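Sequences are here, hints too, so could you generate the full structure?
Now for the letters of each chain:
Number of protein chains: 2
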Amino acid sequence: MIKNYQEFTKLNLKLDMSRGKPSPEQLDLSLPLLNEISVSEQIKNSGVDCRNYGVQLGLPEVREFFAPLLEVPESQVVVDGSSSLALMHDVIVYALLYGIQGNSPWRGDKKISFLCPVPGYDRHFSILEAFGIEMINVPLLEDGPDMDIVESLIRDNDSIKGMWCVPKYSNPTGAVYSEEVINRLAAMKVAAADFRLFWDDAYRFHHLTEQRVSIPNIIEACQQAGNPDRAIVFASTSKMTFAGSGLALLASSVANIAWWQKCVSVRTIGPDKLNQSRHLHFFKHVVSVEDLMDQHRLILKPKFDIVDSIFEEYLGKIDNISWSKPLGGYFIDLITPPGLAKRTIELAKNAGIILTPAGATFPYGLDPEDKHIRIAPSFPSLDEIKLAAQGVSLALLQAISE
Amino acid sequence: MIKNYQEFTKLNLKLDMSRGKPSPEQLDLSLPLLNEISVSEQIKNSGVDCRNYGVQLGLPEVREFFAPLLEVPESQVVVDGSSSLALMHDVIVYALLYGIQGNSPWRGDKKISFLCPVPGYDRHFSILEAFGIEMINVPLLEDGPDMDIVESLIRDNDSIKGMWCVPKYSNPTGAVYSEEVINRLAAMKVAAADFRLFWDDAYRFHHLTEQRVSIPNIIEACQQAGNPDRAIVFASTSKMTFAGSGLALLASSVANIAWWQKCVSVRTIGPDKLNQSRHLHFFKHVVSVEDLMDQHRLILKPKFDIVDSIFEEYLGKIDNISWSKPLGGYFIDLITPPGLAKRTIELAKNAGIILTPAGATFPYGLDPEDKHIRIAPSFPSLDEIKLAAQGVSLALLQAISE
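Respectively, the protein sequence lines represent chains A and B.
Add 16 to the 1-based position in the first sequence for this note's numbering, that's all there is to it.
Add 16 to the 1-based position in the second sequence for this note's numbering, that's all there is to it.
It is worth saying that the hints were derived from the structure and are not from the lab.
These numbers come from a predicted model, not from an experiment.
Possibly wrong hints are sitting among the right ones.
The list cannot tell twin chains apart, which means a pair is met if one copy fits it or any two copies do.
[Unchecked claim] Simulated pairs of lysine-lysine, DSSO-like, Cα-Cα distance not exceeding 27 Å:
1. Lys19 / Lys205
2. Lys60 / Lys26
3. Lys127 / Lys278
4. Lys127 / Lys30
5. Lys127 / Lys317
6. Lys402 / Lys19
7. Lys205 / Lys341
8. Lys60 / Lys358
9. Lys365 / Lys278
10. Lys278 / Lys358
11. Lys341 / Lys402
12. Lys126 / Lys358
13. Lys300 / Lys402
Below you can see the structure in the form of C-alpha cells.
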C-alpha cells in the first residue's frame with residue numbers, strides 16, 4: 017500500500033474516472049449484436065421493412081418487447097434512436113416551443129423553473145442551464161428527494177414546470193426512491209397544470225447486488241393519484257448493450273405519447289429500425305435482459321467493492337468523511353469535509369487521476385459546501401481502480417493536511 | 017392499354033405512390049452493410065471504441081470519407097444519426113431557442129419568416145408551420161428560385177431568416193440551380209445578419225442519367241462572396257444505403273460547425289458510431305459511392321421512363337398539361353390545367369392509387385392554382401408503375417371531362 021500523496025504522484029499514472037462509461041469487457045458482452053442481420057430481422061412479421069422509412073414510435077415488435085420491462089402497455093412505449101438524453105432534451109424543447117398538450121409554450125416572458133434533487137446528474141442540469149430554465153436545489157435524501165420541501169415549493173409556484181428524478185440507484189449517490197416518496201410525488205398538489213416528472217430510469221436494470229431493488233411504477237402511481245399525465249419515463253440500453261448504439265426508450269400516458277408523436281413527426285420520418293430489430297434478436301426473451309445484467313454486475317461489483325474497501329482502509333477512521341454504498345448504478349458519492357472537494361480533485365489530477373469536475377453534480381456547477389466527489393469506477397480495469405481509489409484517498413488526506 | 021377511367025377502376029388496384037421511398041431492390045444493393053462487424057470496425061485506428069460513448073461530430077474516419085464528397089475540409093463535416101431532416105429541424109430549434117452565434121433567438125415577439133421556393137418539399141414546410149414561422153412563396157424556375165424576387169424580398173426585410181433550397185434535382189420538379197442562381201444566392205444583400213440558406217442537398221448523388229449533373233459548391237461561393245456563414249448544407253445516405261438507417265450529414269463554415277457542436281453537445285453524448293463504421297467499411301472508397309448510385313439509377317431510370325412515355329401517350333396532346341423530365345432525384349411534377357390537381361388525386365384514389373395529397377408541395381398545403389401533382393415512381397415495381405401512370409392519366413382526363 018502506498019502511504020502518502022507524494023509517493024503516489026511518482027507513479028505517473030493516467031487514469032480517467034470522470035464519466036460513467038462501460039468498460040470494454042462489458043461491451044464485449046453484447047458482441048452478438050454485431051453479427052450478420054438475417055432476412056427475418058430485416059423484414060418483420062408486422063410487414064415492416066426495417067431498411068426503409070417509417071414507423072415513428074419504433075418497431076411494433078420492439079415496443080412489445082420493452083412494454084413488460086417498463087411495466088406499461090405496448091402503446092405507451094416509444095423506442096427511438098440511441099440516446100435517452102436526447103429524448104429528455106427534446107421533450108423540454110417541445111414544451112418550450114409548442115407547450116404541452118394545449119398549455120402555453122414554456123418559453124415566453126415568464127420565468128420557468130425545475131426542481132433539481134442534489135447531488136444529481138450534470139447533463140440534466142446542462143440542458144436547463146442552456147435554455148435558461150431556473151434550477152431550484154432540493155436535498156436528495158437516502159430515500160429520495162426531501163418531500164416536505166418539494167411539496168411546499170411546488171404547491172403554489174406555477175413557474176415550476178418540471179423535476180428531475182433518477183429514482184433508482186441515483187447518479188451519483190445511489191439513492192433509491194421509497195414507496196412513500198414515489199406516492200407523494202404522484203399525488204402532490206402542483207400549481208402548474210403542465211408540470212412533469214422527468215423520470216430518468218437510467219439504472220432500472222443496473223443492479224450491483226442480487227437484491228435487484230424494485231420500486232413502484234410511477235406511471236401507475238400517477239394514474240391512481242388522478243394525475244395520469246404527470247410522469248414521463250426515460251430509459252435506454254446504453255449501459256446494457258452499446259453506449260451510443262443502444263436503444264432509447266420513453267414511456268408515459270396515452271396522452272403524453274400522442275403529444276410526443278405529434279412533435280417528433282415534424283422532426284423525422286422514423287428511427288433506425290435495423291438497430292431495433294438487432295436488439296430484439298439479441299435479447300429474444302425478457303429473461304435474457306436479467307441474464308445480461310447479471311454478467312454486467314459480475315464485472316462491475318468487484319470494482320465498486322475495491323473502491324469501498326480502499327476508502328475504508330484509508331479514510332474509514334477520519335471524521336466528516338463518508339461515501340455511498342450503492343446497490344446499483346454507476347457511481348459512488350464521496351463526501352469530504354466541507355470545502356475540500358475541489359482541492360482533492362485538483363490534487364488527484366496532479367497525481368494523474370481525472371475525476372468529474374468539482375460541483376458538476378450540482379446546478380450551475382456550484383456545490384454549496386464543496387464536498388461531493390463523484391467516483392465512476394466502471395471503465396478502468398480492477399488494478400487501475402485500486403490504484404485510483406488509493407490516489408483519491410491520499411489526495412483527500414493531503415487536502416485535509418493542508 | 018386501358019382506355020378510360022371507369023374501365024381502370026375495375027382493376028381494384030392498391031398502389032401507393034405518395035412518398036419517395038426506395039424500392040426493396042434498391043435496398044438490396046446495400047445488404048453487405050448487414051454483415052457481421054469485425055473487430056477493426058469496432059475499434060478504429062483513431063483509438064475510438066465505436067461501441068462506447070463519445071465523439072460528438074462523428075467518427076474522424078467517416079468525416080474524412082465524406083469531406084471530398086461534400087467538397088469541404090473534414091473539420092467542416094458533421095456525421096450524425098440517420099435523419100438529415102432531424103438535423104434541419106434541430107438547426108431551426110437551436111436558432112429559435114439560442115439564436116445563431118450571438119444573434120438574438122429567433123423566437124421572440126418579432127415575426128420571423130422563410131423564403132420557400134415552390135413547389136417544394138412538404139416536410140420542410142411542416143417544420144416551419146409547426147413553429148409558426150411565416151412562409152413566403154417564391155416561384156421555382158427551371159434554373160432555381162426566381163432570383164429577382166428573392167433579392168427584392170430579402171434586401172430590406174430582416175424578418176426573413178432562412179430559405180429552403182433543394183439545389184439539385186429538386187423535390188418535386190427536378191430543377192437544378194444554375195451557376196448564376198447559386199452565385200446570386202451567395203452574394204445577395206440580406207437584411208438579417210443571421211439569415212441562413214438551408215441547402216438540402218438530398219439528391220446530390222442521385223442521378224437518373226449518365227450526365228451526373230454537377231453544380232457549384234455553395235459553401236465556397238458564399239465564402240468568396242464574403243458571406244462565409246450563409247449556407248448550411250444537409251445530405252444523407254438514406255437513399256443510398258438504408259432509408260432510416262443511413263447517415264445524416266451536415267457541412268458548413270467553421271463558425272457554424274462550432275455553433276452546432278455547442279448546441280448538440282447539450283442534447284446527446286454522440287451519434288451511433290457503429291453504424292458510421294459499418295458505412296465506412298461498406299463504401300471503402302469514394303468511387304464506390306458512384307458505383308452504388310449507378311446501380312440505383314439502373315433500377316430507377318426505367319420507372320421514370322415508363323411514367324414519361326405513358327404520360328406522353330395519354331396526355332401528350334392535351335393543352336395545359338406538362339410534366340417534368342428530371343435528370344435525377346425521386347419525383348416527377350405533373351402539372352394539370354388549373355383547378356384540377358385535387359380532383360385528379362381524388363379520382364386516382366378512387367381507382368386505388370394513393371398520390372401525395374394535393375397542395376402538399378406548397379406551404380400550408382395551398383397550391384394557389386391547384387395544378388401540381390407529385391409523382392413518386394421509386395417504390396412500386398415497374399409493372400405497378402406502368403399501371404399507376406395509366407391510372408393517373410385517366411383520372412386527369414376524367415377530371416378534365418367533368
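Inset, instruction - Compare the structure with the hints numbered earlier in the document and write down the numbers of the violated ones, lowest to highest. - result: Numbers 1, 2, 4, 5, 7, 8, 12 and 13, in rising order.
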